[in-house]
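This is what each chain is made of:
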Amino acid sequence: MSTLLAATTYDVAAVRADFPVLGREIGGKPLVYLDNASSAHKPRQVLDAERAFVEQHYSNVHRGVHTLSQEATDAYEASRERVARFLHAPDAHEVVFTKNATEAYNLVAYSFGNAAAGSRFALGPGDEVCVTEMEHHSNLVPWQMLCERTGATLRWIPLTDDGRLDLADLESLVNERTKLLAFVHVSNILGTENPVDVLVARARQVGALTLLDGAQSAPHQPVDVTALGVDFFVLTGHKMLAPSGVGVLWGRRELLDAMPPFMGGGSMIEVVRMTGSTYAPAPERFEAGTPVISQAVALAAACDYLDGVGLDRIAAHEHALTGRLLDGVRDLPGVSVIGPDTLEKRGAAVSFAIDGVHPHDVGQSLDELGIAVRVGHHCAAPVCRRYGVPATTRASSYLYNTEAEIDVLLEGIVTVQRFWGR
Amino acid sequence: MSTLLAATTYDVAAVRADFPVLGREIGGKPLVYLDNASSAHKPRQVLDAERAFVEQHYSNVHRGVHTLSQEATDAYEASRERVARFLHAPDAHEVVFTKNATEAYNLVAYSFGNAAAGSRFALGPGDEVCVTEMEHHSNLVPWQMLCERTGATLRWIPLTDDGRLDLADLESLVNERTKLLAFVHVSNILGTENPVDVLVARARQVGALTLLDGAQSAPHQPVDVTALGVDFFVLTGHKMLAPSGVGVLWGRRELLDAMPPFMGGGSMIEVVRMTGSTYAPAPERFEAGTPVISQAVALAAACDYLDGVGLDRIAAHEHALTGRLLDGVRDLPGVSVIGPDTLEKRGAAVSFAIDGVHPHDVGQSLDELGIAVRVGHHCAAPVCRRYGVPATTRASSYLYNTEAEIDVLLEGIVTVQRFWGR
Amino acid sequence: MYQEIILDHYKNPHHKGLREPYDVEVHHVNPTCGDEVTLRVKVVDGVVEDVSYDGQGCSISQASTSVMTDLVIGKAVDEAMSTGEAFLELMQSRGQLEPDEDVLEDGIAFAGVSRYPARVKCALLGWMAWKDATAQAVATTGEGSA
Amino acid sequence: MYQEIILDHYKNPHHKGLREPYDVEVHHVNPTCGDEVTLRVKVVDGVVEDVSYDGQGCSISQASTSVMTDLVIGKAVDEAMSTGEAFLELMQSRGQLEPDEDVLEDGIAFAGVSRYPARVKCALLGWMAWKDATAQAVATTGEGSA
Ligand SMILES: Cc1ncc(COP(=O)(O)O)c(C=O)c1O
Ligand SMILES: Cc1ncc(COP(=O)(O)O)c(C=O)c1O
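Protein chains in written order, with the numbering used here: chain A, 1 to 422; chain B, 1 to 422; chain C, 1 to 146; chain D, 1 to 146.
Errors might be hidden in some of the hints.
If you anchor each label on the Cβ, the simulated ranges turn out as follows [what the hints assert, rightly or not]:
1) E85/C - R120/B: 43 to 51 Å
2) E403/B - E270/A: 56 to 64 Å
3) E148/A - L7/C: 57 to 65 Å
4) E77/A - E403/B: 31 to 39 Å
5) R44/B - P125/A: 52 to 60 Å
6) E148/A - R120/B: 13 to 21 Å
7) V103/C - R313/A: 54 to 62 Å
8) H14/D - P125/B: 34 to 42 Å
9) R120/B - S119/A: 28 to 36 Å
10) S93/D - V12/B: 51 to 59 Å
11) D197/B - P158/A: 40 to 48 Å
12) R385/B - L18/D: 17 to 25 Å
13) E77/A - L7/C: 21 to 29 Å
14) G308/B - E77/A: 34 to 42 Å
Just some of the chain D residues that point at chain B, by a computed CB distance under 8 Å [to be verified]:
15) M1
16) E4
17) Y22
18) T38
19) G55
20) C58
21) V120
To be clear about the criterion: a stretch of chain B counts as covered by chain A if any three or more of its residues have a C-beta under 8 Å from a C-beta of chain A, and this derived list gives those stretches [claimed, not checked]:
22) 67 to 80
23) 288 to 295
24) 363 to 373
Source of the hints: derived by calculation from the structure; they are not laboratory data. These numbers come from a predicted model, not from an experiment. Cβ coordinates follow ideal geometry from the N, Cα and C atoms, glycine included.
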């Protein structure tokens, strides 16, 4: 029994010790950091790996024969392989490093926009791109812009009252005109985990490509891009223990090789003449200029850290914390969850509203208690509009949070209610 | 006299001590790092500043009311102000953080491409973009791609035999049809410093906008964007003591405010509805998604470091090293400089050819002596073609290089000649 | 940050509710949090005769709008505008400015807010709406002293 | 890295110079360094009868092309192709593979090059050109054993 326990849990205190900021006090209170869906902190191991690389092996990559250049290139390419393994991708050439998730969506959108008429990526009037009403702005605005540029039509899958995708009209929303279905794996505002299999099956029926926004799934659960069956998968480093400044577009090799380039510049070219240029194969084709070298090295170290703890254990830990939070909120009068209020198919981000208290005031009052939560539209303004709220308060836990911290939050909510209810 | 000397020089040994990698040995020989035009190393002070920020004040920016979020936002925006001061820009809102220089050119190119017909940025058949034959691929390919997309015509200012711009036909190359003149301040392959005043004056006569590629000037000499009189200025952090993953587009506020967005996503928006979105003012409009937060903080620390030593002193130091190298090479039979072989109006990058030895073999043989130089086309293939060489060997010094290192290189060249001349 | 003055104005806002007559009505939104205000202005003989408003938002935006109405109603447009400037300056001071109570009255309670950039926009929402509406009123009716 | 064998082939390349007769001629370029090779192949009865070439480039690309001609001329296309595979495998081994001298002969001198990714492309330039030309020759002339 205790062996079983040991195999499914980990030493959260030991993990916490790796994150210096968790020792901070905010206004005399211990920091309770529950803003992980916005960005996570970085363990010493990741920072040390990046620094060791920069201090002893740094150089530009890909273009040199000297020793440091070889070492830096090796480290950078090994990071690509590490990320491919993290995603269970069959081929490291399918991993493109970007600066964040947002660049990855724009890369695909502009590449599609740049495609010659008649190509499988080209879009025009009559073609459609489908998203969902719960997309992060980063997986929505690029498609709006693409449709504006090309004359294609943007459609979206609406939401049910309890924060799930309303699939009633899926067949008409994803149809023979649909070129791409781009949707979020786990919502950053509602916490909802979407049924990838159902959506991918429908997309395949009509020959649409699929792009899965994994910004909120890759940090929190094992991801196998082959098993998911999608064509593109996107993640962002800063939400999964890596520094800001690095993201990943994974795409099936056949697609990446066929897509026209996005940004032009050094490293993405083959032959450059003043009169015109030809382009390198993927992934180089999509990494114009000096890449995010040390950030990629740090991301690989973050993969090591996460796999070291075990993503299945992390998922189980967060599941327990989320359950405790949902149970606690359910017991509080005047507090309601926006999004699924059960544990089924949901991630660790929990949005809620406190009757009569504006989220800004909730966030600020919790901050005075040392509790860091996010307030606002969480870059998903259409979701707020859908549920008739100007903004939400969101608590999101990660591998280093504890049950005690959830309890501090729950007490904090009561304190806020008392203060503002006077 | 000694006061004067003290005011115009600095303690190179003390500077070197700040760069851990400079203590490395390569194959038993002390590292002589002369690949700075490709990328520079980073001093402890910059790495410490980044780490202190990440370990104690990190969070996502712009979207939160909690303390860490405020601290991170303050640090990020203070970095913007620091870079503005570094460039003598009148307004920090004119500083856009990108992931590298390459993203900055693409940002301008796509923004122009996205402009509505009739706007001052829109391009079409009959319009022209002018560059030079010595551009880095990153300031060439984006304009080729833009012209392909819009039907505009790309023109270029050719080169003289001694590595300067041939301005004989400037009046016809930059004409009333020219919308943009994009050119490099200091060439990364030839070392040439271009006459910004002449080019800007001509562009103004015809109402063309100007973009100056400062990737090789900002790290090495004081830059005053107002005095230069250009409309856009670009730099990249990794060549000026900051980590990879951060670059800067500076643009006149009036222009940035009027330009349509490039990438869509979080932070760059104002109101998002499923049916369409409006965009934030600059610089946010151009910083979609989670920005390069800790990299911007590190770049600000790099500005501190460079201004601490003094860019005029750094320029003087490099000038002396470049003179020593040019003099030394001039005395070596069978070695010729590609680019200006005098000190007048040139930077610290010196390309050369050794008769009968391929640059790859030069680079590899020098590496065996601990000397890191770059060999290849240096992302400026048209320059190699212009001078009839497949590639060049390039040595480029920076603030931490010494006269002794230049001498090691000169001896190394003789060793290479001896080895390959057998 | 949550001074009593702020809480009082939040609970019991002054001059709230839309009133007739008015010269100009504007609608301002803070896109980052969805706070919004609808505001009307009446200018007579260069004097801010009335400001009425309705809106929803956080304590800071609501209280600040309430304080604003106290400060501008009955003042000459010029004087009210410079009070607005003083408030703007305070909000941009990042906690570095000692506010002048003679000028800003209850507005001094917002000094602490200036240390929170994310909340500065909240505190300015009503002021920006008022400035916009008043400028329009002056322009369209030929009112004001300029 | 610069083994004597490599230097010898570089100074005195084997089978260099373009010759008649040939089935196919190809031109390959290494865009990162401008190295180029023009290469001709003659296949008779499924055997690589002749390979001739001209080109310019670094010692590695030139020596490797020279070694390649020694290894493939006179061999059955199939056998020559698998020698090519063995060389490719060696070059992608990052210094981790012990090369088989019986198969690769002078080619084993390039084992050290595999530790330098930037030079691997140089070592493969001639091989890639040969493979391309031979595949075309087999396809167009119906030659080859497959
Ligand atoms: C002159 C010049 N322009 C632009 C660039 C591109 O910079 P980055 O690769 O950081 O985008 C470089 C360096 O590679 C350069 O030397
Ligand atoms: C679901 C989701 N998608 C996309 C993003 C965008 O990530 P980034 O800002 O790193 O580009 C985020 C986070 O901000 C997110 O939560």
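Can you verify the interface hint for V120/D: is its Cβ closer than 8 Å to any Cβ in chain B? With a minimum Cβ separation of about 12 Å from chain B (threshold 8 Å), the hint on V120/D is violated.
In this structure, is the beta-carbon distance linking H14/D and P125/B contained in 34 to 42 Å? Since the Cβ atoms of H14/D and P125/B sit about 54 Å apart, the hinted range of 34 to 42 Å is violated.
With 52 to 60 Å as the target window, see if R44/B and P125/A comply at their CB atoms. holds, 57 Å
Do the beta carbons of E148/A and L7/C sit within 57 to 65 Å of each other? violated, 45 Å
Using the beta carbons of E403/B and E270/A, state whether their distance is inside 56 to 64 Å or not. violated, 40 Å
Given the hint of 51 to 59 Å, is the C-beta distance from S93/D to V12/B inside that range or not? violated, 42 Å
Minimum Cβ distance from C58/D to chain B below 8 Å? This hint holds: C58/D lies near chain B, its Cβ roughly 4 Å from the closest one there, short of 8 Å.
Consistency of beta-carbon spacing, L7/C to E77/A, with hint 21 to 29 Å: Given range 21 to 29 Å: violated, Cβ gap about 58 Å.
Assuming the hint says 17 to 25 Å, is it satisfied by the Cβ distance from R385/B to L18/D or not? Once the Cβ atoms are compared, 23 Å apart, the range 17 to 25 Å for L18/D and R385/B holds.
Per-residue hint verdict: Y22/D, partner chain B, C-beta under 8 Å: violated, 25 Å
If you take the shortest Cβ to Cβ gap from T38/D to chain B, is it below 8 Å? violated, 15 Å
Does the CB of E4/D sit less than 8 Å away from some CB of chain B? Cβ of E4/D sits 11 Å from chain B, so the hint is violated.
Consistency with the previously given hints fails for numbers 1, 2, 3, 8, 10, 11, 13, 16, 17, 18, 19, 21, ordered from lowest to highest.
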